[in-house]
Amino acid sequence: MGRNGSLEAPGTRASTMLGTSKDSGYGIVTREDFSDVTFLLEIRHPLMAQAAQPGQFVIVMSHAEGERIPLTIADFDRGKGTITLVIQAVGKTTREMQQLCRIGTSLFALVGPMGVPSHVGGARKVTCVGGGLGVAPVFPQARAFKEAGAYVIGIIGFRTRALVFWEDKFRSCCDELIVCTDDGSMGVKGPVTEGIKRAIAAHPDIGEVVAIGPPLMMKACAEATRPHKINTMVSLNPVMVDGTGMCGGCRVRVGGQIKFACVDGPDFDGHQVDFEDLTTRLRRFATEEKSALDRWSESCRMTTPPEEAGGG
Amino acid sequence: MAKKRTIRTIPQERTRPHEQDPVERAKNFSEVTCVFSIEDAVRESERCLFCPDPKCVEGCPVGIDIPGFIRKIGEKDFRGAYDVITDANLLASVCGRVCPQETQCEGPCPVGENLEPVAIGRLERFVGDMAIQERWTNIPYVEPNRYRVGIIGSGPAGMACAADMAKAGCEVTVFEAFHVPGGVLRYGIPDFRLPNEVIDAEIDNLRALGVRFECNTLVGRLFTIEQMIGEMGFDAVFVGTGAGYPRFMGIPGDSLNNVLSANELLTRCNMMRARDSSHDTPLPLGRRVAVIGAGNTAMDAMRVCMRLGSEHVYCIYRRTKAESPARVEEVHHAEEEGIEFHWLTNPIEILGDAEGNVRGMRCIRMELGEPDESGRRGPVPVAGSEFEFEADTVVIAIGTHANPIIGQTAKLKLSSRGYIEVDENLATSMAGVFAGGDIVTGAATVIEAMGAGRKAARGMKAWLGIRDTDTVYQPEPVGGEATILGIGIAEKNFVRVHLG
Ligand SMILES: Cc1cc2nc3c(=O)[nH]c(=O)nc-3n(C[C@H](O)[C@H](O)[C@H](O)COP(=O)(O)OP(=O)(O)OC[C@H]3O[C@@H](n4cnc5c(N)ncnc54)[C@H](O)[C@@H]3O)c2cc1C
Ligand SMILES: Cc1cc2nc3c(=O)[nH]c(=O)nc-3n(C[C@H](O)[C@H](O)[C@H](O)COP(=O)(O)OP(=O)(O)OC[C@H]3O[C@@H](n4cnc5c(N)ncnc54)[C@H](O)[C@@H]3O)c2cc1C
Ligand code: SF4
Ligand code: SF4
Ligand code: FES
Numbered sequence: 001m002g003r004n005g006s007l008e009a010p011g012t013r014a015s016t017m018l019g020t021s022k023d024s025g026y027g028i029v030t031r032e033d034f035s036d037v038t039f040l041l042e043i044r045h046p047l048m049a050q051a052a053q054p055g056q057f058v059i060v061m062s063h064a065e066g067e068r069i070p071l072t073i074a075d076f077d078r079g080k081g082t083i084t085l086v087i088q089a090v091g092k093t094t095r096e097m098q099q100l101c102r103i104g105t106s107l108f109a110l111v112g113p114m115g116v117p118s119h120v121g122g123a124r125k126v127t128c129v130g131g132g133l134g135v136a137p138v139f140p141q142a143r144a145f146k147e148a149g150a151y152v153i154g155i156i157g158f159r160t161r162a163l164v165f166w167e168d169k170f171r172s173c174c175d176e177l178i179v180c181t182d183d184g185s186m187g188v189k190g191p192v193t194e195g196i197k198r199a200i201a202a203h204p205d206i207g208e209v210v211a212i213g214p215p216l217m218m219k220a221c222a223e224a225t226r227p228h229k230i231n232t233m234v235s236l237n238p239v240m241v242d243g244t245g246m247c248g249g250c251r252v253r254v255g256g257q258i259k260f261a262c263v264d265g266p267d268f269d270g271h272q273v274d275f276e277d278l279t280t281r282l283r284r285f286a287t288e289e290k291s292a293l294d295r296w297s298e299s300c301r302m303t304t305p306p307e308e309a310g311g312g
Numbered sequence: 001m002a003k004k005r006t007i008r009t010i011p012q013e014r015t016r017p018h019e020q021d022p023v024e025r026a027k028n029f030s031e032v033t034c035v036f037s038i039e040d041a042v043r044e045s046e047r048c049l050f051c052p053d054p055k056c057v058e059g060c061p062v063g064i065d066i067p068g069f070i071r072k073i074g075e076k077d078f079r080g081a082y083d084v085i086t087d088a089n090l091l092a093s094v095c096g097r098v099c100p101q102e103t104q105c106e107g108p109c110p111v112g113e114n115l116e117p118v119a120i121g122r123l124e125r126f127v128g129d130m131a132i133q134e135r136w137t138n139i140p141y142v143e144p145n146r147y148r149v150g151i152i153g154s155g156p157a158g159m160a161c162a163a164d165m166a167k168a169g170c171e172v173t174v175f176e177a178f179h180v181p182g183g184v185l186r187y188g189i190p191d192f193r194l195p196n197e198v199i200d201a202e203i204d205n206l207r208a209l210g211v212r213f214e215c216n217t218l219v220g221r222l223f224t225i226e227q228m229i230g231e232m233g234f235d236a237v238f239v240g241t242g243a244g245y246p247r248f249m250g251i252p253g254d255s256l257n258n259v260l261s262a263n264e265l266l267t268r269c270n271m272m273r274a275r276d277s278s279h280d281t282p283l284p285l286g287r288r289v290a291v292i293g294a295g296n297t298a299m300d301a302m303r304v305c306m307r308l309g310s311e312h313v314y315c316i317y318r319r320t321k322a323e324s325p326a327r328v329e330e331v332h333h334a335e336e337e338g339i340e341f342h343w344l345t346n347p348i349e350i351l352g353d354a355e356g357n358v359r360g361m362r363c364i365r366m367e368l369g370e371p372d373e374s375g376r377r378g379p380v381p382v383a384g385s386e387f388e389f390e391a392d393t394v395v396i397a398i399g400t401h402a403n404p405i406i407g408q409t410a411k412l413k414l415s416s417r418g419y420i421e422v423d424e425n426l427a428t429s430m431a432g433v434f435a436g437g438d439i440v441t442g443a444a445t446v447i448e449a450m451g452a453g454r455k456a457a458r459g460m461k462a463w464l465g466i467r468d469t470d471t472v473y474q475p476e477p478v479g480g481e482a483t484i485l486g487i488g489i490a491e492k493n494f495v496r497v498h499l500g
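Chains as they are written, first to last, in our numbering: chain D, 1 to 312; chain R, 1 to 500.
Next comes chain D alone, as it looks inside the complex (with noise of 0.2 Å):
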């Protein structure tokens, strides 16, 4: 096969420069929309649900001429053969592809699961917080500690309740569930750490506590558990390249040593990270993310008519 497979030649040297040809792309196959920016696609690739660990990503390149960006594996079917994503459009690309990704498209690369999977220990009573759209990356965690037998404590954070996702599925694999809501619409009122004050009180046995959210989240929660020296893994997520271990664009400092969070993480302990060398290592590109985000806004304004008036 692999012999007649080639004879499709003509063509090869445009295929080498793409990788891969357009329709031999990742298919998407669900698409949710959570809200009016944070979106779910669901991608068929059966090797990687056979392979996805929690605590893992992928790199995705939308079209040809993209930026490859790292995306969290937020769950995974080995049945059916596919992993989901869950999607904040932030800048640039986030937002085309929040435009362009429907179901029956496809993506022009996809490539992981990369990183360590996250070590789902031997702790019997953990505690997963999940901040905004950390709250998606932190459920296959929460769902393999409770196959392991632990008991599970979820905290998820949000801004409102209409933000809110993901409740039932975090219901079905967690034996306690606090939702925080800065506004108080939903649940507890106040940040997850008010959540982690909480548990912890209420549990005192609490092994570990597991955080993903934007940086400032999982400072704050790192700091929350330190006093109470509870074991605490947050998910870094510096900008990065290749994430291979190749470009060192990932670095962060962690125990005063540096790591690349691609191949000696995503995940490390919170209590060691040092998160203001994180926060200022992603404001790198700003300038740039900026005015490509301008650009693209501009252009979309441009075209926008005559693809409403093509398709409808």
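Just so you know, the hints here were simulated from the structure itself, not pulled from any lab data. Any given hint could be a false lead.
Unchecked claim - Keeping only pairs whose Cα atoms sit at most 25 Å apart, straight-line, the calculated PhoX-like set for lysine-lysine is:
| no. | chain 1 | residue 1 | chain 2 | residue 2 |
| --- | --- | --- | --- | --- |
| 1 | R | K55 | R | K76 |
| 2 | D | K80 | D | K169 |
| 3 | D | K219 | D | K197 |
| 4 | R | K411 | D | K259 |
| 5 | D | K169 | D | K189 |
| 6 | D | K259 | R | K413 |
Said to hold, decoys possible - Covered by chain D, per the in silico footprint, the following chain R stretches (three or more residues, Cβ under 8 Å):
| no. | segment |
| --- | --- |
| 7 | 214-220 |
| 8 | 404-414 |
Unchecked claim - Partial chain D-side listing against chain R, Cβ under 7 Å, derived:
| no. | residue |
| --- | --- |
| 9 | E65 |
| 10 | A109 |
| 11 | M246 |
| 12 | D277 |
| 13 | T280 |
| 14 | L282 |
| 15 | E288 |
Fair warning: this is a prediction, and the values are worked out from it, not measured in the lab. Using N, Cα and C, we set each Cβ at its ideal position, and we do this for glycine too.
Assemble chain R with the ligands onto chain D, guided by the hints.
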């Protein structure tokens, strides 16, 4: 044979290829050095003495019959020259461009004792480029033998191993983590030294041999080597995943913004095409860029910065020019293009501003100390010679460590530094798994990686019990007409071979 050549009778001057003007080329990504014309090549071939005991062949890591192919050039039998080269090296166009000839084949050439040595690399490139132009491919008749071989990594080591195993009749699949194949040739070495079309052509040759490329495949994580040998049914596996985990300095300021590895800079520019406004990947560079290191990677990074519009590009290196590990030609080209070299200078701190961005560097001058046991004079700091200068981007090109992914995911025996351990046939500690290239030796050269890929292929064939039969080449129609209609000989040839 005509009268015997001597050092006195050969053309004294080494033939110079045309080069783009330094001022012009420092603004574009077109190739710096043009290929020899036929006249140039034939003239340069006349400088070879056809030594009975050719030292050049010993200097070439894959032992190309150099006087053999040069003789063919002299006879204007360019196709014959190509056949001689491809017996040992399938990447003629690549190696002719990027080999450090001065330390490999051209270094020991006796012509170099009095004059400049024969321009072996340029001649090899001439032949390789002509082969691409004319779409010559040496596709042998091969009986499929039903063995399945998996290759991890599509750099020169993987490509060479893939070619040899395909020629032996195996079904070969190359797995590559990136979305495009080629390894360092693709993401590291810039277009002005090695255009993408050359890499594409070499990869097309492999496809024509029946090799399959599976990009976007991170072996170790998507599936393991154990799974390849087990459930996936591969009879043998070659690991050619390169070195590539960049080192940082370990000095204050290392993680400031706008401090980046040369690998990151080059990947953004070469593979992700950040310099092209139709592509999304950003690559902000400042007006004053300091590059630390003086190897090939550093030279490439500096010359890319010049082309992307930086006003000052400084090279900071703690030894002297003589110790620079880069190809001589690259240092020379970099000097011509206006790179400012600071030899015997060691960085001690990268200075940042309040926002966490680079604003400058503090360095110290060095001098060469007493020779050590190996006779090499190491650099030692000159007391009180610290100085600061302004820079807004710092690029680190001081070498790499072994990539950890295969080590993390397979039970292969590793050295203390994380490289894969192999025996003299390049077999690893796992039965049926071979390894070669940078992941075994640490950062080396393209041709050494290729040589390792071929050596591993020999080991693999012996292990699988495949006998090396003489390769039979498919005859091709002569003359150039086959390319005129836009139908490549390669494709036609391929179909004939495998349907026949
Ligand atoms: C391991 C990891 C897992 C992630 N998982 C998710 C996820 O599940 N869902 C999700 O929505 N987002 C996730 N992110 C963040 C996501 O990669 C960025 O939001 C995305 O790259 C932004 O691209 P953009 O062009 O839309 O926005 P831009 O305007 O380019 O950037 C917006 C912000 O995103 C960050 N960013 C930009 N480029 C990159 C890059 N190449 N790599 C990493 N961060 C970048 C920067 O902090 C930047 O300020 C993850 C990041 C990492 C490192
Ligand atoms: C900027 C630069 C300039 C250079 N210039 C020269 C020069 O002028 N002359 C010269 O002779 N040498 C030069 N070199 C060195 C030379 O390129 C390398 O020695 C050579 O490429 C090593 O070949 P390799 O096949 O071992 O690995 P690589 O070329 O590094 O290829 C390894 C490939 O494996 C892939 N990979 C890694 N891990 C996995 C995995 N788990 N699954 C799937 N794929 C994986 C990588 O993505 C990569 O494509 C240069 C190197 C650099 C970085
Ligand atoms: S492969 Fe490299 S070392 Fe060997 S002859 Fe060619 S240029 Fe010289
Ligand atoms: S050593 Fe020099 S002169 Fe002798 S055969 Fe080789 S290239 Fe020719
Ligand atoms: S993303 Fe390049 S090293 Fe981690």
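Each hint, compared with the structure:
1. Distance restraint check for R:K55 and R:K76: the Cα-Cα separation of roughly 24 Å lies within the 25 Å cut-off, and the hinted pair is therefore satisfied.
2. Taking the CA atoms of D:K80 and D:K169, the gap is about 18 Å. The hint holds against a cut of 25 Å.
3. For the given pair, D:K219 sits about 15 Å from D:K197 by alpha-carbon distance, which is consistent with the 25 Å threshold.
4. With a CA separation close to 23 Å, the supplied pair R:K411 and D:K259 stays within the 25 Å bound.
5. For the hint pairing D:K169 with D:K189, the CA-to-CA distance comes to about 21 Å; that is within 25 Å, so the pair holds.
6. Distance restraint check for D:K259 and R:K413: the Cα-Cα separation of roughly 23 Å lies within the 25 Å cut-off, and the hinted pair is therefore satisfied.
7. As drawn, the segment 214-220 of chain R meets chain D at 4 residues by the rule of a beta-carbon pair under 8 Å; at three or more, the given contact holds.
8. Here the segment 404-414 of chain R counts 3 residues with a CB under 8 Å from a CB of chain D, which clears the bar of 3, and the coverage holds.
9. Contact between D:E65 and chain R, as hinted, is supported at the beta carbon level, the nearest pair being about 5 Å apart and thus within 7 Å.
10. Because the beta carbon of D:A109 sits about 4 Å from the nearest beta carbon in chain R, less than 7 Å, this interface hint is met.
11. Hint status for D:M246: holds, given a least beta-carbon distance of 4 Å to chain R, under 7 Å.
12. Because the smallest distance between the Cβ of D:D277 and any Cβ of chain R comes to about 6 Å, under 7 Å, the interface hint for this residue holds.
13. For the restraint placing D:T280 at the interface with chain R, the shortest Cβ-Cβ distance is roughly 4 Å, inside the 7 Å limit, so the hint holds.
14. For D:L282, the suggested interface contact is broken, since its CB lies about 9 Å from the closest CB of chain R, more than 7 Å.
15. The interface hint given for D:E288 holds, since its Cβ lies 4 Å from the closest Cβ of chain R, which is under the 7 Å cut-off.
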